[in-house]
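Undergrad: Each chain is listed here by its residues.
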Amino acid sequence: MSPFNLFQRVSRAPTNPRAEQAPRAFDVAELYEGPVQLTTDTAESAVRLDEKLRQAYFWIVNNAIISPHYDIEYHDGPSASFPVGDTRRPLVLPSAQSYSSYVLLPLLTFATRRKCLFIGGPGRGKTASAILMGVLAGYPVREVRRAMQHGHPQMTIADLLGNPLPADLVAAQDMGDIRIAWRKWLSMRVKIIDEYNRIPTRTQSALLTVMGDNYAEVLNHVYECPDSAWYLTANDDRGGGTYQVIEALRDRIDVVVQALAFNPRFLDEMLLRIEENIHPEEVMPRDIIFTEAEADRMVEEIRGIDVPHDVRRRIEFFCSQFELMEGAGAQFEYLTKDTVRLAGIDWAQVVAADSGRDRLKDLGCQTLNGLSVRNLMTILVFAKALAYFRGQTVVALDDVRQVLPFVLNDKLQPDPDAPFFALPENAAYRTDRVSWLRWLLDASNAEYDRLDLDRNDPVGDLSAEFARGLDGLSERDTRSRIVRIERLVEERVKGRKLYGHLYDDLLKLKYLHQRYTNYLHWQQAR
Amino acid sequence: MVSALLANVLAARRPLLNQRVAEARHRTPGMDLPAFRAFVSDTLDPMCVDLGSVDEQATVAIIEAAFGIGLDLVAQGLAGPGARQPWIDRAWRELALPMRHLLTTAPADTLGTVSNAVVRLGGVPGIDVGRWISDLATLAPRCATLEALRTVGALCAWRAGMAHLRVAALDQAGRIDPSLAAAAVGAPDQAWTDLEPRLRADRWWHPEHGVASQGRTVGGFTGFGGPFAEPPVARATADGFVVQSGERWFLVVCDAFGAVVLPATAAEFTQADVGSVKTLPITPRGVNVTGRDVAVRIPGESASAALGRHSAALFSPLTHYLHVLPVSA
Numbered sequence: 004m005s006p007f008n009l010f011q012r013v014s015r016a017p018t019n020p021r022a023e024q025a026p027r028a029f030d031v032a033e034l035y036e037g038p039v040q041l042t043t044d045t046a047e048s049a050v051r052l053d054e055k056l057r058q059a060y061f062w063i064v065n066n067a068i069i070s071p072h073y074d075i076e077y078h079d080g081p082s083a084s085f086p087v088g089d090t091r092r093p094l095v096l097p098s099a100q101s102y103s104s105y106v107l108l109p110l111l112t113f114a115t116r117r118k119c120l121f122i123g124g125p126g127r128g129k130t131a132s133a134i135l136m137g138v139l140a141g142y143p144v145r146e147v148r149r150a151m152q153h154g155h156p157q158m159t160i161a162d163l164l165g166n167p168l169p170a171d172l173v174a175a176q177d178m179g180d181i182r183i184a185w186r187k188w189l190s191m192r193v194k195i196i197d198e199y200n201r202i203p204t205r206t207q208s209a210l211l212t213v214m215g216d217n218y219a220e221v222l223n224h225v226y227e228c229p230d231s232a233w234y235l236t237a238n239d240d241r242g243g244g245t246y247q248v249i250e251a252l253r254d255r256i257d258v259v260v261q262a263l264a265f266n267p268r269f270l271d272e273m274l275l276r277i278e279e280n281i282h283p284e285e286v287m288p289r290d291i292i293f294t295e296a297e298a299d300r301m302v303e304e305i306r307g308i309d310v311p312h313d314v315r316r317r318i319e320f321f322c323s324q325f326e327l328m329e330g331a332g333a334q335f336e337y338l339t340k341d342t343v344r345l346a347g348i349d350w351a352q353v354v355a356a357d358s359g360r361d362r363l364k365d366l367g368c369q370t371l372n373g374l375s376v377r378n379l380m381t382i383l384v385f386a387k388a389l390a391y392f393r394g395q396t397v398v399a400l401d402d403v404r405q406v407l408p409f410v411l412n413d414k415l416q417p418d419p420d421a422p423f424f425a426l427p428e429n430a431a432y433r434t435d436r437v438s439w440l441r442w443l444l445d446a447s448n449a450e451y452d453r454l455d456l457d458r459n460d461p462v463g464d465l466s467a468e469f470a471r472g473l474d475g476l477s478e479r480d481t482r483s484r485i486v487r488i489e490r491l492v493e494e495r496v497k498g499r500k501l502y503g504h505l506y507d508d509l510l511k512l513k514y515l516h517q518r519y520t521n522y523l524h525w526q527q528a529r
Numbered sequence: 336m337v338s339a340l341l342a343n344v345l346a347a348r349r350p351l352l353n354q355r356v357a358e359a360r361h362r363t364p365g366m367d368l369p370a371f372r373a374f375v376s377d378t379l380d381p382m383c384v385d386l387g388s389v390d391e392q393a394t395v396a397i398i399e400a401a402f403g404i405g406l407d408l409v410a411q412g413l414a415g416p417g418a419r420q421p422w423i424d425r426a427w428r429e430l431a432l433p434m435r436h437l438l439t440t441a442p443a444d445t446l447g448t449v450s451n452a453v454v455r456l457g458g459v460p461g462i463d464v465g466r467w468i469s470d471l472a473t474l475a476p477r478c479a480t481l482e483a484l485r486t487v488g489a490l491c492a493w494r495a496g497m498a499h500l501r502v503a504a505l506d507q508a509g510r511i512d513p514s515l516a517a518a519a520v521g522a523p524d525q526a527w528t529d530l531e532p533r534l535r536a537d538r539w540w541h542p543e544h545g546v547a548s549q550g551r552t553v554g555g556f557t558g559f560g561g562p563f564a565e566p567p568v569a570r571a572t573a574d575g576f577v578v579q580s581g582e583r584w585f586l587v588v589c590d591a592f593g594a595v596v597l598p599a600t601a602a603e604f605t606q607a608d609v610g611s612v613k614t615l616p617i618t619p620r621g622v623n624v625t626g627r628d629v630a631v632r633i634p635g636e637s638a639s640a641a642l643g644r645h646s647a648a649l650f651s652p653l654t655h656y657l658h659v660l661p662v663s664a
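Listed in order, the protein sequences are those of chains A and B.
Residue numbering for the first sequence follows the numbering used here, starting at 4 and increasing by one per position.
Residue numbering for the second sequence follows the numbering used here, starting at 336 and increasing by one per position.
This is chain B alone, in the form it adopts within the complex:
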């Protein structure tokens, strides 16, 4: 059973909504209709109730847009009880009220923006999508426009672990209120004029925790869900490290907020700096990286280190992991 408000909305737009369901079934013959019914009662209805408690009239247009988008997403297995990821349902439920002012003016684009973002975030291993939704729920009320929401969303995505968005998100941060930008990177009490240059200059500096001296461990064997079929070999590039593992290549980007492993090409590996790789001995104190001993769990007596401008990547033929460490200034 759905709420009275939703029932009224569905009844009022019955011919149009029925046509959309028919079209979706034609497009996706195996579409799970019971799953869509569950999506309507478990996700759409709570949204409707939340929004209707504030502005019942505006809710009609929002629900009509949400019905259509939800139909498509359920058909693709991205929403509803059988979804591959739980994020769209959660995002819609938790963000509906905080974003209601944006939903009123542009319901399809607002829901679409958030949906696309959680799908994209959920597709990158290691990203804290739940955190992204929570952060955006806190900050969305302060976003006057959809563009501001997208900028805040980008900063939150970076903070949730999308390390490769660091520069792009910082570039866009100039378009929103500085205090909002500071809050988006988790430092609401600090001035953006102090934060921004520090964040740009030192990718390993975290506004809450300081410098992440231990760096990050990324990768892992494909048999255990990691990306590397063979122990990786790394070379430094401007963006991070290009890694070869067997017949595949990856771009590894790390910073204080997280680490991502993205597809790369053989050409990028070839173009990367071969001369940046050195062999370092492993002692009981660890590996000495540019004057600093770092404890790492790498078997054997030595490891290779690809040295970049800000980071060093340690790798060995005896491990499927890559240890990325900050390089001391």
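With the rest of the complex left out, here is chain A:
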């Protein structure tokens, strides 16, 4: 490889340099690592996959997608911050390695084989980014482009999935005799749907089956698709020819990434590409392309990243803020926003009847809905992926803070009539969902700290006690635990307003109570 091929360079320097913890093993080879790339460098042992992922990130952000935005900020010590403009918005200069969401989130989607939606105006590189991910998976550029599904109002299920062979249709005596010419894109590990909101509703249902259940069905024939990363782009509604997206389809999308505006100060980079006739997707270095085996291994390694107990508790606390709607039902389990939604009752009416809570302080009053299991799992997966990308073995709270807004962007719906958004200082959060979601998490963490839940969590203690198992538990001890639960419930409900986290704690206590009760009955029946 010529040392001067502009776009084929992959940095040999560690992408996340840090002094490694013991044991130290000084290697003579380090003496000969430097600005000149040697042919012997290519023969050294395989790069770690997280390092390869970082190399891919930096290659993309430096050579392919010019995205000089560091909106995923990490800090190592104090960072300089400058209030700017009439609104005094802070311009923060992060003191640690920070990243562009527009490049990082699609890359994490690739690493975890999840689904990413690009949104933004036309010509902002949404499709180009998706194509890069296909090339990163090892597919030739031409194949990626041809396999890309372009949404349009006349798209049929056959266009999307495949056609039965005409000869078989005529000759077959049984449905099983008909062969289907499946579309090639179904077998790919990176699937791209361009302008998915221009697909008609009927065809969206077929797409939902593939996205949700990973199989395609035509005339009772099933094609099982491999696990893959999905990239969808959404056309601007004002461009016309768009359809309402099925909520179930929208809900299958794991992260939503906004294409940030191009900074004209980097126009020289664009000029170079024109003059050199460079298309970045055609010159991706082989060093950063992942084989299928490497991609499989990476998914496993990401799964192995640990989520510490304290981080998990804060995620639990955050998620418990939003579902409660006290006036929604008569039975305790139905006091949820989902109950209201399913009943089709006017939301404003229910909110008006929901008195007693501090509607500014209560985070749940800011949203129209709560979080689903799918949302929670996606947060965990992407937090692990981000920790993995940063070379960590455990998820830090900061990792959760960075991915959560992109996971919940389209999922946690703000209530525009909430008093929170009426305050002048919060007006920006009406439009800036990412910042609003981050603010929510920060506020939740502040409340968590105020309640000192890391040290004072009797529900957690009871849960841990239950998790140790019931083997050998005597009838007397079982009764004792049941009494403890009842006393804790009594203490918790005494004179208190019902907030989201308390609601979930009470449900957990009811669960534990029921489990012990069943066990007691079993003991008595023996």
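No lab work stands behind these hints, which were simulated from the structure alone.
Predicted, not measured: the structure shown is a model, and the values here were computed from it.
Here a beta-carbon is modelled for each residue, glycine too, at the ideal position from N, C-alpha and C.
Take these hints with a grain of salt, some might be off.
Unchecked claim - Derived CB-CB ranges, DEER-like:
1. Glu272/A / Ala396/B: 56 to 62 Å
2. Ile292/A / Pro513/B: 42 to 48 Å
3. Glu272/A / Pro513/B: 38 to 44 Å
4. Pro86/A / Thr618/B: 56 to 62 Å
As the list claims (entries may be wrong) - Which chain A residues face chain B? A few, computed with CB under 8 Å, are given here:
5. Arg27
6. Phe29
7. Leu34
8. Tyr35
9. Glu36
10. Gly37
11. Thr42
12. Val248
13. Gly498
14. Leu501
15. Leu505
What the hints assert, rightly or not - Listing some non-contacts, in silico: residues in chain A with all C-beta distances to chain B over 10 Å:
16. Gln40
17. Ser84
18. Phe265
19. Val314
Add chain B to chain A, keeping to what the hints say.
TA: For chain B alone, kept in the frame of chain A given last:
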């Protein structure tokens, strides 16, 4: 003006070399072309003349490789008259003839190896890079392969002060001729079979000077170019001493050949042996370290000592220096 030989080489490969210059200018828009011209006349030309006097035909390929690598290095400010360090130019000029047999077979890798090494050595304070180049110039003719050159280079780097390479360099020394290894550590008249175990066993033993009983003084205040913003606190580890200075941590490795201060982490400091630190009084005779009085320039009436297996590190809140001494057997 360049030599006729170089002029002929440049003319013969003009389209390719011009393209490389254009690429380098695209990659580094602010590239100093006059500096590259000076690099060609001051570094590349003497190399060309030296090598051409031995084998003119082989020189063409070498110069073509050197032109490309030199372009990149000048663009990065590592070579040429405006370079941050003078070592690459000096290394190329002084090592071209001694390494000509290696340059003939693998010009890019040989020049790259040497260039990367001097950049790495020049980046570590206190390393005698000039000595490394001189030693390698003496020994390179005896290196039959590039791998042998790298091994000799590692031993010379250790000898030039890269104390942390001690074990790794000794491990690699088994791959080359024992007499070459002995020469690389500065003891050409001694048998490697005697040298090697002694070097492994006693890090403070120098083949030419014996045991360095006074040890080494490392560190210094950041305001005067040192690494420590605050007086350091040391703890012993297997590799040397982990040092905390303010909000930063360092690994200090010392031996008879030199001392290095490398980045470390808070975790390494936490894991290091706290129990190894003792307080010692300072008398007119100095500090008594494990039964031996050592004169040190530490103000005050006492100093702390972190005791390791082979060395002791003396430190005090009144100084930004660390005094690392051999511990008597």
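Undergrad: For each hint, tell me whether it holds in the structure or not.
TA: Right, here's what the structure says about each hint:
1. Glu272/A / Ala396/B: 56 to 62 Å: Check failed, 35 Å falls outside 56 to 62 Å.
2. Ile292/A / Pro513/B: 42 to 48 Å: Check passed, 45 Å falls within 42 to 48 Å.
3. Glu272/A / Pro513/B: 38 to 44 Å: Violated, at about 55 Å.
4. Pro86/A / Thr618/B: 56 to 62 Å: 58 Å, holds
5. Arg27: Holds, because the Cβ-Cβ distance from Arg27/A to chain B comes to roughly 5 Å (cut-off 8 Å).
6. Phe29: 5 Å, holds
7. Leu34: 5 Å, holds
8. Tyr35: The hint holds - Tyr35/A has a Cβ within 8 Å of chain B, the shortest such distance being about 5 Å.
9. Glu36: With a minimum Cβ separation of about 6 Å from chain B (threshold 8 Å), the hint on Glu36/A holds.
10. Gly37: Cβ of Gly37/A sits 3 Å from chain B, so the hint holds.
11. Thr42: 6 Å, holds
12. Val248: 44 Å, violated
13. Gly498: 46 Å, violated
14. Leu501: Cβ of Leu501/A sits 44 Å from chain B, so the hint is violated.
15. Leu505: 38 Å, violated
16. Gln40: Violated: least Cβ distance 7 Å, not greater than 10 Å.
17. Ser84: At about 19 Å from chain B, Ser84/A clears the 10 Å cut-off, so the statement holds.
18. Phe265: For Phe265/A, whose nearest Cβ neighbour in chain B is about 20 Å away, the distance exceeds 10 Å, so it holds.
19. Val314: Non-interface label on Val314/A holds, nearest chain B Cβ at 19 Å vs cutoff 10 Å.
Taken one by one, the earlier hints fail for this structure at numbers 1, 3, 12, 13, 14, 15, 16, listed in ascending order.
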